[in-house]
Amino acid sequence: MGSGTRDFIRYTGIYISIGAGLFFLFFPFLFPLKEFYFYTFPFPLTFKIDKLSVFFIIIISLISFFVSVFSITYGKEYREKPHIFLLTPAFILSMIFVVLSNDIITFLIFWELMSLSSFFLVISEGKPESKKAGLLYFIMTHIGTVFITAGFVLLYLKSSSLSFGGYKNIAGILILGLMITGFSVKAGLFPFHVWLPHAHPATPSNISAIMSAAMVNVAVYGVIRVLFVFGLKIYPFLGIILLVFGALSAFFGIMNALVQTDIKRMLAFSTIENIGIIYMGIGLSFWAYSTSHAIIGSLAFMAALLHILNHSLSKSSLFMGSGVLVKNVRSRNMEELGGLAKRMGFFSVLFLIAVMSISAIPPLNGFLGEWYLYVSLVGATQTSNLYIIYFSIISIALLSLTGAIAGAAFAKLYGITFLGKHRSEKARNAGKTGIIENISIFMPVFLCVAIGVYPYPLISFLNGVSLYLSGTKGALSNSGHFLAVQTFRNFSYSSYYPLLLISGILGLLFIGAILIKIFSNNSLRRYKTWGCGIEEENRAAQFSGSGFSYGIMKVFSTFYSRASEIKFDSEVKKYFRKDTFYSEEIGDILEKRIYDPIKRIIVKISGYADSIFETGSMNLSLLFIFLALVLCFIIYLFLVK
Amino acid sequence: MVRLAELFSVLILISAVLNAGSPFIKFGIKLYSFQSLMLALYTLMVALYSNTSALYLSFLFIILFKVVIIPYFLFNTLKRVEIKREIDLALGIPESVLFAGSLTLLSNIIAERVIKTTVTFGSLIFTISLATFLIGAMLMITRKTLFSQIIGFLTIDNAIFLAGNSFTHGMPLLVEFGVLFDLLAAVLILSLIIIHIKKSSLKTGLRS
Amino acid sequence: MDISLNYEKLLLGILQFIIIIALAPFFAGLIHKLKQNFRGQKGINMFQFYFNFGKLLRKGVVLSDEASYISIISPYIILSVYLIVLGMMPAFYIYSLFSRLSDIIVIVYTLGAGVFFLTLYSLDQGSPFGGLGGEREWFFTMLSEPSLIFIFITLAIYSRKGMLVSIFDFIQKNALGGHFSIAIPFILLISLFILGLSENARIPIDNPETHLELTMIHEAIILEASGKYLGIFEYSSYIKLSIFLTLMSLIIFPYIAYTPIDIPLALGLYIFKMAMFCFMISIVESLNPKMRLFRAPNLLSIAFIISLIAMILSIRGV
Chain S
1 MGSGTRDFIR
11 YTGIYISIGA
21 GLFFLFFPFL
31 FPLKEFYFYT
41 FPFPLTFKID
51 KLSVFFIIII
61 SLISFFVSVF
71 SITYGKEYRE
81 KPHIFLLTPA
91 FILSMIFVVL
101 SNDIITFLIF
111 WELMSLSSFF
121 LVISEGKPES
131 KKAGLLYFIM
141 THIGTVFITA
151 GFVLLYLKSS
161 SLSFGGYKNI
171 AGILILGLMI
181 TGFSVKAGLF
191 PFHVWLPHAH
201 PATPSNISAI
211 MSAAMVNVAV
221 YGVIRVLFVF
231 GLKIYPFLGI
241 ILLVFGALSA
251 FFGIMNALVQ
261 TDIKRMLAFS
271 TIENIGIIYM
281 GIGLSFWAYS
291 TSHAIIGSLA
301 FMAALLHILN
311 HSLSKSSLFM
321 GSGVLVKNVR
331 SRNMEELGGL
341 AKRMGFFSVL
351 FLIAVMSISA
361 IPPLNGFLGE
371 WYLYVSLVGA
381 TQTSNLYIIY
391 FSIISIALLS
401 LTGAIAGAAF
411 AKLYGITFLG
421 KHRSEKARNA
431 GKTGIIENIS
441 IFMPVFLCVA
451 IGVYPYPLIS
461 FLNGVSLYLS
471 GTKGALSNSG
481 HFLAVQTFRN
491 FSYSSYYPLL
501 LISGILGLLF
511 IGAILIKIFS
521 NNSLRRYKTW
531 GCGIEEENRA
541 AQFSGSGFSY
551 GIMKVFSTFY
561 SRASEIKFDS
571 EVKKYFRKDT
581 FYSEEIGDIL
591 EKRIYDPIKR
601 IIVKISGYAD
611 SIFETGSMNL
621 SLLFIFLALV
631 LCFIIYLFLV
641 K
Chain B
1001 MVRLAELFSV
1011 LILISAVLNA
1021 GSPFIKFGIK
1031 LYSFQSLMLA
1041 LYTLMVALYS
1051 NTSALYLSFL
1061 FIILFKVVII
1071 PYFLFNTLKR
1081 VEIKREIDLA
1091 LGIPESVLFA
1101 GSLTLLSNII
1111 AERVIKTTVT
1121 FGSLIFTISL
1131 ATFLIGAMLM
1141 ITRKTLFSQI
1151 IGFLTIDNAI
1161 FLAGNSFTHG
1171 MPLLVEFGVL
1181 FDLLAAVLIL
1191 SLIIIHIKKS
1201 SLKTGLRS
Chain Y
2001 MDISLNYEKL
2011 LLGILQFIII
2021 IALAPFFAGL
2031 IHKLKQNFRG
2041 QKGINMFQFY
2051 FNFGKLLRKG
2061 VVLSDEASYI
2071 SIISPYIILS
2081 VYLIVLGMMP
2091 AFYIYSLFSR
2101 LSDIIVIVYT
2111 LGAGVFFLTL
2121 YSLDQGSPFG
2131 GLGGEREWFF
2141 TMLSEPSLIF
2151 IFITLAIYSR
2161 KGMLVSIFDF
2171 IQKNALGGHF
2181 SIAIPFILLI
2191 SLFILGLSEN
2201 ARIPIDNPET
2211 HLELTMIHEA
2221 IILEASGKYL
2231 GIFEYSSYIK
2241 LSIFLTLMSL
2251 IIFPYIAYTP
2261 IDIPLALGLY
2271 IFKMAMFCFM
2281 ISIVESLNPK
2291 MRLFRAPNLL
2301 SIAFIISLIA
2311 MILSIRGV
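Chains as they are written, first to last, in the working numbering: chain S, 1 to 641; chain B, 1001 to 1208; chain Y, 2001 to 2318.
Among the clues, some could well be false.
To be verified - Under 8 Å between C-beta atoms, here's a sample of chain B residues computed to sit facing chain S:
(1) LEU1105
(2) ILE1109
(3) GLU1112
Stated by the list, open to error - The list that follows gives simulated cross-link-like pairs (lysine-lysine, DSS-like), each with its CA atoms no further than 25 Å apart:
(4) B/LYS1079 x B/LYS1144
(5) S/LYS131 x S/LYS81
(6) S/LYS592 x S/LYS127
(7) S/LYS233 x S/LYS168
(8) S/LYS51 x S/LYS233
(9) B/LYS1030 x B/LYS1144
(10) Y/LYS2059 x S/LYS517
(11) S/LYS604 x S/LYS132
(12) Y/LYS2290 x Y/LYS2042
(13) S/LYS327 x S/LYS132
(14) B/LYS1030 x Y/LYS2290
(15) Y/LYS2290 x B/LYS1084
(16) Y/LYS2055 x S/LYS554
(17) S/LYS48 x S/LYS158
(18) B/LYS1026 x B/LYS1144
(19) S/LYS528 x Y/LYS2059
(20) S/LYS426 x S/LYS327
(21) S/LYS528 x Y/LYS2055
(22) S/LYS554 x S/LYS567
(23) S/LYS158 x S/LYS168
(24) S/LYS426 x S/LYS76
(25) Y/LYS2290 x B/LYS1026
(26) S/LYS517 x Y/LYS2055
(27) S/LYS528 x S/LYS426
To be clear, the hints were calculated from the coordinates, so they are not data collected in a lab.
All residues carry an ideal CB built from backbone N, CA and C; glycine is no exception.
Excised from the complex, chain S in its bound form:
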């Protein structure tokens, strides 16, 4: 293949994905169809549009559009691998069709297509670690698929219908448990998150933007569909379990994100955190609907939906930003960056806004979802159910801790990456950002600001989604240009005026700046940073990224598996060492303590089985397949009766 062909393939793929993104962004408005079919052999593929799928289609196509625009120039990095750009539209379309599909077969086909195409995208860099990450991702995602399929089979047995239309409010606790477990593996919830921090750093940045901001949402879509449409709303404890796991996931994710120095790995952990927050909203909402606290339910649901959107917008822009850094500096390691704010002016401002948005700084959109979540949690403490009171207290504590650590983690990300002195020669020679990259990052960032400042149209749209799913509205007046909610009968309105807040801050900023300008001496002199009077210029003397998280890490040392080592020449005297090497390795404690032992046990068992049965024999293998088939028949007999 010549380079011209490769370029052609690449651009074709990118423009197909841009077109697909744009088409499906306006699809729900252009074709207000309710249901439609494709007659294929042997099953017809059926699709249906409802308000929930519209919401998710808009998110997925929006993110795909941004990222595809970004890929126009960023794609030159992968000039040698044009197949990435052919797989990307397949990936995007399969995600959209998963959300649209209206029967089991269609859903599973596109789910599997989505998993496979994303698997090939994960391993596309071809490095050993990306192959390893891809294998882990493949195994985890198929474990999830097994659970989902089992849940669907049980649903089919219960209703004897393949179409989703027949599943309204019939799923019992077994089905819900199975399917939610399956979707949670894909979403990367706390105990199943191990694949995320490996897959994202190994993937090209534009793909990880889509994976983190769109694919994870498809899994969340599955959870919402199963819980709120298929599920019987009589299991309050299921909601509490989801709430607790969400809170743990948020806490665990951000704790690990804080200590990372690899930007993309850090963003992957931050995805786990945000998924946790979304699950908290979903869980609380399911609890509330199960116990007929409709107002709290719709508020928490609103929080979950808002956070899905906000996380997608800010996370996609951050991943695209990491792509820009990788392209221009050739490093993902924060300790090698630094001082980029002066070299990439506009881009660094965009990155700052995305960072502020994801760490929930008030006038921006990230805060909005968390505000709804807090309000609904406070409302839950006002109910008469003992368990939800205690779990919501614990959740409030964990959520606020998460909020503070998220601030620390993202201040570290921005501060170490963009501020200070350049930390390596690579950072000093960083290239400039292109205009298309800036535009494609600007779009989601602009939406972040716009939603944060003027959320009212979005809120009324989401109210429609909530109304469609549960029959109750979010009990909020958005007429007077403020968000007000009443969480409980005797509870007066809590309200949040984003426009007033931003105009107040900007007004004070303006007045203060003018007053100080008038009354102060405005002379300005540039000089070196104070370095204790030492003239020598040493860029290694500035504060490092791992140092920035050290204090918090020490207090919560039980949550990390950490090993650090200092190496030096042993012959030299203590205070006259020439070279000292400090190495630190911080791992995910769950991976070290649970997943690795399980892996070792499985390897051991399969080794034994290998030595006992000598699977080289063809007959024996056939016998095993035969036995498995018979076993399935027996299980089927018991299940159906």
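Keeping the supplied structure of chain S fixed, place chains B and Y upon it in accordance with the hints.
Below, chains B and Y alone, put in the same frame as chain S:
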């Protein structure tokens, strides 16, 4: 009056939490004295509220024994053995404080389950006394020096006193008197033991 | 509570806002003066911090070579963020200027925005000390954030109101009638006092007076600031102190004016209460040594559990 009683009862719990949060023994004894004072004031409030003369006496006895005499003995012993702070904690300070908080949550659940009717000053007292009891027990388990264990024991005793006073509108005076004297005897014996251990530890190297 | 504004309320709100901004350095100076008196020193003028601010404004700025746009905008952002929170406080007149914004969660997260920019500033000049301060600032913010949220939510649950202004309106109206618990405000006050010490760089946690690199926190962050920027940072820290003191003074005994006639009495009482808290803080600062950094979690965990107890009590509806 009810509001004041509430304040005093809450302060009993808080002094127990503070005790879990400090490794200093002198501070612990002072806190115990403060806690007993709050208990006494609480008893006074109950007495004023229900106008029981036995409770006034009980108030005086608590002041005499728990606020003055027992801390005095403990301080005296402390002077002789010269321990300043708890070394070698089984559970770190923030952990034990968080543990105390979760014990409070737990006891609140239990209290809401157990108490259906309202007692003297609301079912809150049961929560507080149960939580104080559990924190005292936790102190006895996690601390290694005998002093802190004694303080834990005394905290448990205060918790039981609190519960008893609020449920029964004052125990029979004789019983209360007996309990107080038992307590005093226990503290005396324990002080003797501490001094003894300190002396023998000079030879054997044991920690008092 | 009706929070619709008319011109009179707006004017009085602006007046209150300006008065509490103007008073902020006075309270910081008072603490300093009292502390020095406790040590037996003659002490500074109580109004010294005004002169300091004026002097800093007259000085020119020296900006680091490495400084980017963050160094130029963040002082103003921090000042306006703290100002807007201060503007939400109904210090002595109930219709405070930003009373509509005074949702409890918004307050906590807006304060968080200040910390965010403060730490970004600390990393901007590539100084070894700045990052040190920034790291510790987040360390303490993280430890105190749950307690702060719990304190506010306790107040909200107790009074069943979502906005700070209506919370204190409720407390004031019910405090005299005996319908209000004494226990909850009292223990909230203990917790808030500890938080106030930690958030405002006061002695058991941080010592604002020393310039020893290994121990300082807030001073390390603003080590590179000079001239008017240093002045803005100093003033912001006075305002933050004022926010916490005002909250404490409102919790312990709210006396808030509803009509212009009551304002002089309420203002006098406000200054008196604030002075009392300044006195308490100066006592605590004089009697205690600075804590080792990793012992601070002990103190802050106690603050957290105390606010947790208050929350349980408020849910039980004492």
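Results of checking the hints against the structure:
For B/LEU1105, the interface hint holds, the least distance from its beta-carbon to any beta-carbon of chain S being 6 Å, beneath 8 Å. At a threshold of 8 Å, the smallest CB-CB gap from B/ILE1109 to chain S is about 6 Å, leaving the interface hint in force. Against a cut-off of 8 Å between C-beta atoms, the interface hint on B/GLU1112 holds, since the closest Cβ of chain S lies about 6 Å away. Distance hint between B/LYS1079 and B/LYS1144 is fulfilled; the C-alpha atoms sit about 19 Å from each other, no more than 25 Å.
For the proposed pair S/LYS131 and S/LYS81, the alpha carbon gap of about 15 Å is at most 25 Å, so the pair holds. As the CA atoms of S/LYS592 and S/LYS127 are separated by approximately 23 Å, the hinted pair is consistent with the 25 Å bound. Taking the CA atoms of S/LYS233 and S/LYS168, the gap is near 11 Å; set against the 25 Å cutoff, the hint holds. A threshold of 25 Å between alpha carbons decides the hint, and for S/LYS51 with S/LYS233 the separation of about 20 Å falls inside it, so the pair holds.
Under the criterion of a C-alpha separation no larger than 25 Å, the hint pairing B/LYS1030 with B/LYS1144 is consistent with the structure, at around 19 Å. This hinted pair checks out: Y/LYS2059 and S/LYS517 have alpha carbons roughly 12 Å apart, not beyond 25 Å. This hinted pair checks out: S/LYS604 and S/LYS132 have alpha carbons roughly 19 Å apart, not beyond 25 Å. Pair hint Y/LYS2290 plus Y/LYS2042 holds up; C-alpha atoms about 23 Å apart against a cutoff of 25 Å.
Annotation: proposed proximity of S/LYS327 to S/LYS132 holds, straight-line Cα distance about 23 Å (limit 25 Å). Proposed proximity of B/LYS1030 and Y/LYS2290 is supported: the alpha carbons are some 22 Å apart, at most 25 Å. Proposed proximity of Y/LYS2290 and B/LYS1084 is supported: the alpha carbons are some 19 Å apart, at most 25 Å. Between the alpha carbons of Y/LYS2055 and S/LYS554 the distance comes to roughly 41 Å, so the proposed pair goes past 25 Å and is violated.
Note on S/LYS48 and S/LYS158: the hinted pairing holds, with a Cα-Cα distance of about 22 Å set against a maximum of 25 Å. This hinted pair checks out: B/LYS1026 and B/LYS1144 have alpha carbons roughly 16 Å apart, not beyond 25 Å. With a C-alpha separation of about 18 Å, the suggested pair S/LYS528 and Y/LYS2059 falls inside the 25 Å cut-off, and the hint holds. A hinted pair counts as satisfied when its Cα atoms are at most 25 Å apart, and S/LYS426 with S/LYS327 qualifies at roughly 11 Å.
Under the criterion of a C-alpha separation no larger than 25 Å, the hint pairing S/LYS528 with Y/LYS2055 is consistent with the structure, at around 23 Å. This hinted pair checks out: S/LYS554 and S/LYS567 have alpha carbons roughly 21 Å apart, not beyond 25 Å. Our distance criterion of 25 Å between C-alpha atoms is met by S/LYS158 and S/LYS168, whose separation comes to about 12 Å. Restraint check for S/LYS426 and S/LYS76: satisfied, since their Cα atoms lie roughly 20 Å apart, inside the 25 Å limit.
Between Y/LYS2290 and B/LYS1026 the CA atoms are separated by roughly 20 Å; this keeps the pair inside 25 Å, and the hint holds. Only pairs whose Cα atoms come within 25 Å are accepted, and S/LYS517 paired with Y/LYS2055 is accepted, the gap being roughly 14 Å. The straight-line distance between the Cα atoms of S/LYS528 and S/LYS426 is roughly 22 Å, inside the 25 Å bound, and the hint therefore holds.
Hint compliance for this structure: hint 16 alone is broken.
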